[in-house]
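Asker: Now for the letters of each chain:
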Amino acid sequence: MAHLLDVENLQTEFHTSEGVVKAVNGISYTLEEGGILGIVGESGSGKSVSVLSLLKLLPQPPALIKDGAATFDGRDLLAMTDKEIRAVRGNEIAIIFQDPMTSLNPIMKIGKQIGEALELHMGMNESDARQRTIELLNHVGIPMAEQRIDQYPHQLSGGMRQRVMIALGLSCNPRLLIADEPTTALDVTIQAQIIALVRGLQEETGMAVIWITHDLGVIAGLADQVIVMYSGYVVEYAAVDDLFENPRHPYTLGLLSSLPEMGDDETEELQTIRGTPPDLINLPPGCPFAPRCDYVIERCLAENPPLTTVQNPADPGVEGQTAHLAACWVNVDTGQAR
Amino acid sequence: MPDSKQMPERDRTIGKKALLEVRELRKYFPIRKGIFGRETEQVKAVDGVSFDVFEQETLGLVGESGCGKSTTGNTILQLLTPTSGTVRYDGVELTTLDGKKLRQMRQHIQMIFQNPYASLNPRLTVSQIVSEPLNTFRPQMSKRERQEIVQEMLQLVGLNPAFINRYPHEFSGGQRQRIGIARALTLDPAFIVCDEPIAALDVSIQAQVVNLLRRLQKQLGLTYLFISHDLSMVRFISDRIAVMYLGKLVEVADKDTLYNNALHPYSQALLSAVPVANPKRERNRQQIILQGDVPSPANPPSGCNFNTRCPVAIDRCFVEEPALREVETGHWCACHLVD
Amino acid sequence: MNTKPPSPTTLSDASASEASKFEGILNGSDAQELVESQGFWRTTWRRLLRHPVGRIGLVIVVILVIMALFAPLLSPYDPNAIDFTNRFSPPTFAHPMGTDDFGRDTLSRILYGARISLMVGVIAVGIAGSVGTFLGMVSGYTSRRWLDETIMRGMDILFAFPAILLAIAIMAALGKGVANAMVAIGLVYIPIFARIARGAVLSVRNEEYVKAARALGTPSYVILPRHLLPNAMAPLIVEVSLSLAFAILAEAALSFFGLGTQPPDPSWGRMLSEGRAYFQQSFWMALFPGLAIMFSVMGFNFLGDGLRDALDPKMKQVLEAKNR
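Protein sequences appear in the order of chains Y, W and A.
Every letter in the first sequence is one number past the one before it in my numbering, and letter 185, counting from 1, is 185.
Every letter in the second sequence is one number past the one before it in my numbering, and letter 95, counting from 1, is 95.
Every letter in the third sequence is one number past the one before it in my numbering, and letter 116, counting from 1, is 116.
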């Protein structure tokens, strides 16, 4: 079965006055129809830049998609013209962002913003669009949709605005929903509401989801597969259970151990990942995580490890099984080189 | 200069004595409308909050945005003038102190701020920033003595003292937060309000700062009021936890009791909403999903503040406001259903 | 409450990259690395130099200052030396800018005139800047609304009058002369400094580092100069340049009307006034002082524009790009 989305060796750079920032350095992953992929990373990992590159939402210059292919349903998104990609955005691929206050037009009523997408991509007329908008707003759990439809974004709370974003994203029945840290700025109880909403909608429509976050807890509850990004590289790629039970990359190990809940007893100190993320303009040779790694060997400083399979799927014949991949020279169980 | 890591760590003994006593603290903000700026409504940011903080303990104050926890912290320190209520520190009533005496008290009660990018004056060097309280309270000190203390402070928080003449923008967020901590500790205070000190930091740096705060508490015998919305971090660092909702305290308990046996429906929903980094547990657990949004603090509901979203509200909840009652030793709850 | 949004350029404030620092990184905590960067004033200066209009302004102002400082060395003649044999001479080799109705060399008078213009400008702006900034800062920082209101209404009243008219009115009360002109122009410009200072303080007073200073017990009279003033200085610096332009113009105007500099002192405005009478036959008498005024005012205005952009953090891209 062909993948819904096949990203191959995506490389994105930013040309700034201080130098060339290598934001995304050759990442590859696949996503099936209806699958949920979680992308985990901290700021500077390249997670947001990578999806913005897919939809060509980065201004070029200063951004530059240096290399790579992103095949969506047989077509390469990166090779599309502006016109072609505009037909895909908001239509077959929807994207929602972290701050709905800046992604929604503050001077346009929310009904009109959703209606616009419907008229543009689905060819509806105004009254049909309005009808459908009310349906959508109800669907995402906005109470009193008939009144809300004529309100402006600032009149709604953060959680409501994010629901409007989701309604907007869903309006044209996308095959893929990309969510870039949509709940990071929301309270935890509202986050729980939004996650439950997206889960429900995903089950209902069968759309695929890419969910980007730094919060491992959210990933645990939502994703089927996970990629962990660091400094523009994918350092680990696995099914969600595998990732949490059996992390194979020191960075993933570090992230998991630094979570307070992981040490339920009277641990004296939280495990930390020492050091700070590297400068993307001047990436050191070798593995970008080496300076902070507890398992570092000499090879790590010289050569950047490629992403390789560390464990094959248990039942290769069964559909949907994912191999567990990691980019590391060292076996984290033994501490020896692979 | 003694290396901070070698300083003896005493065992923390939480005192029986309350270092800080807050009673019926209220902070209302007026909303002025109309051309004459008449006060039409009030935002009841903090609406009758009472609690104690014992010597050498860490009291976590949690809640979501708009619940008034930061305002509580600011009002306790008198950075905002309370609308009513009392705040006693070590027996001294802070709300009635005049300007000069209040400033004198500030040597003992300090604050660590949320935004390390905004809480340091960008035009001052690290040395100037950290030594500022010395200029105010120890004017007789020589420049050399001041420099020595600054260097000592920087070492204490794990920064290289050689960076004493650098500017804040040359440091990362985590390092800046350490500078802020060094600044707060210069005069050897006993009580520190930590107002969301890790919220603006990257996840991998948060752990470093939290470890530092814990270590300092043991070394220096500090008492913390730790304000945060991050429930997992609060659990790790606090001894007791107070939960706030819409300007009021809904539950206060020691941490194990709260996390294992929360009684208030809001606390339960809050704890349930925190994602757990364990896929199997996440899939299998039953989450309490609250309906609706938080009401506006300018217009809180009558009766219990939580009645608009509470899954188990009864008639009484819409009429009568529940008082914060001690339902078992050390465990307080404000709910009609818990009696 | 959010982590910083991912943005490539913010990462440059993380660790340094030279190999020699690797050892420190491998062994120590995150506290060892810093970013190299230049101070605030240095960066502003560099950015000003890149600004096309600001550059021109800077050059003109520098020329003006040289003219004023070195007038005695540069002038071919004594500016007040009367020579009736050579009246109304057009520009010649001996008198590059011609002579006036008293046979005085115009070039020398222009050079000495620069002294007067700059002196009046600096002192007037000095008065306006110090008094205005002080009032504005107090007004912006105080929590007593009545104080703020009183000061600002006072400023509004002054502001309501057209500047030059107000200066003339003040001169009418004080009497003629350069010294009074400086005071008058200074007074007229106090409100604008007060407004700008107040606005700047209002925008800075809610910054978290100000709150931190209060929490540390720092008294208000230390907070204002230490925390508020340096961070509020940018618009004030721009205003200094722009008001110097105005001061020069105002001095010229007052002298033109006979109120400011008194004869025989070579104020440009006076020269313009005198040249007006003889415009038909010797237009150069008015032309050169007019040009001098024009270029000076232009110079300070350009410099002000350049400073405004150089100090504006948002102009970073335009003025700091290496590949332009």
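Calculated directly from the structure, the hints in this document are not laboratory data.
A hint or two may mislead.
As the list claims (entries may be wrong) - Below 30 Å or equal to it, Euclidean Cα-Cα: the simulated DSBU-like pairs (lysine-lysine) are: (1) A:K211 <-> W:K101; (2) W:K17 <-> W:K101; (3) W:K16 <-> W:K280; (4) A:K176 <-> W:K143; (5) W:K218 <-> W:K255; (6) W:K280 <-> W:K17; (7) W:K101 <-> W:K143; (8) W:K143 <-> W:K17; (9) Y:K112 <-> Y:K83; (10) W:K101 <-> W:K16; (11) Y:K109 <-> W:K143; (12) W:K100 <-> W:K17; (13) W:K218 <-> A:K176; (14) A:K211 <-> W:K100; (15) W:K100 <-> W:K33; (16) Y:K66 <-> Y:K83; (17) Y:K109 <-> Y:K83; (18) A:K176 <-> W:K33.
Nothing here was measured: the structure is a model prediction, and the numbers come from that model.
Asker: Indicate, hint by hint, whether the structure satisfies it.
Answerer: Status of each hint after checking the structure:
1. Distance check on the hinted pair: K211 of chain A and K101 of chain W sit about 18 Å apart at the alpha-carbon level, within 30 Å; holds.
2. With a C-alpha separation of about 23 Å, the suggested pairing of K17 of chain W with K101 of chain W holds against the 30 Å cut-off.
3. A hinted pair counts as satisfied when its Cα atoms are at most 30 Å apart, and K16 of chain W with K280 of chain W does not qualify at roughly 42 Å.
4. This hinted pair does not check out: K176 of chain A and K143 of chain W have alpha carbons roughly 51 Å apart, beyond 30 Å.
5. For the suggested pair K218 of chain W and K255 of chain W, the alpha carbons sit about 19 Å apart, so the restraint of at most 30 Å is met.
6. For the hint pairing K280 of chain W with K17 of chain W, the CA-to-CA distance comes to about 44 Å; that exceeds 30 Å, so the pair is violated.
7. For the proposed pair K101 of chain W and K143 of chain W, the alpha carbon gap of about 26 Å is at most 30 Å, so the pair holds.
8. The suggested pairing of K143 of chain W with K17 of chain W is violated, with an alpha-carbon distance near 38 Å, which exceeds 30 Å.
9. Between K112 of chain Y and K83 of chain Y the CA atoms are separated by roughly 23 Å; this keeps the pair inside 30 Å, and the hint holds.
10. Pair hint K101 of chain W plus K16 of chain W holds up; C-alpha atoms about 27 Å apart against a cutoff of 30 Å.
11. Among the hinted pairs, K109 of chain Y with K143 of chain W is inconsistent with the structure: their alpha-carbon atoms are about 60 Å apart, more than 30 Å.
12. Distance hint between K100 of chain W and K17 of chain W is fulfilled; the C-alpha atoms sit about 27 Å from each other, no more than 30 Å.
13. Taking the CA atoms of K218 of chain W and K176 of chain A, the gap is near 74 Å; set against the 30 Å cutoff, the hint is violated.
14. Straight-line distance between C-alpha atoms of K211 of chain A and K100 of chain W comes to about 17 Å, which keeps the hinted pair within the 30 Å bound.
15. Among the hinted pairs, K100 of chain W with K33 of chain W is inconsistent with the structure: their alpha-carbon atoms are about 35 Å apart, more than 30 Å.
16. For the proposed pair K66 of chain Y and K83 of chain Y, the alpha carbon gap of about 21 Å is at most 30 Å, so the pair holds.
17. With a C-alpha separation of about 26 Å, the suggested pair K109 of chain Y and K83 of chain Y falls inside the 30 Å cut-off, and the hint holds.
18. Distance check on the hinted pair: K176 of chain A and K33 of chain W sit about 51 Å apart at the alpha-carbon level, beyond 30 Å; violated.
In summary, the structure is inconsistent with hints 3, 4, 6, 8, 11, 13, 15 and 18 from the numbered list given earlier, while agreeing with the others.
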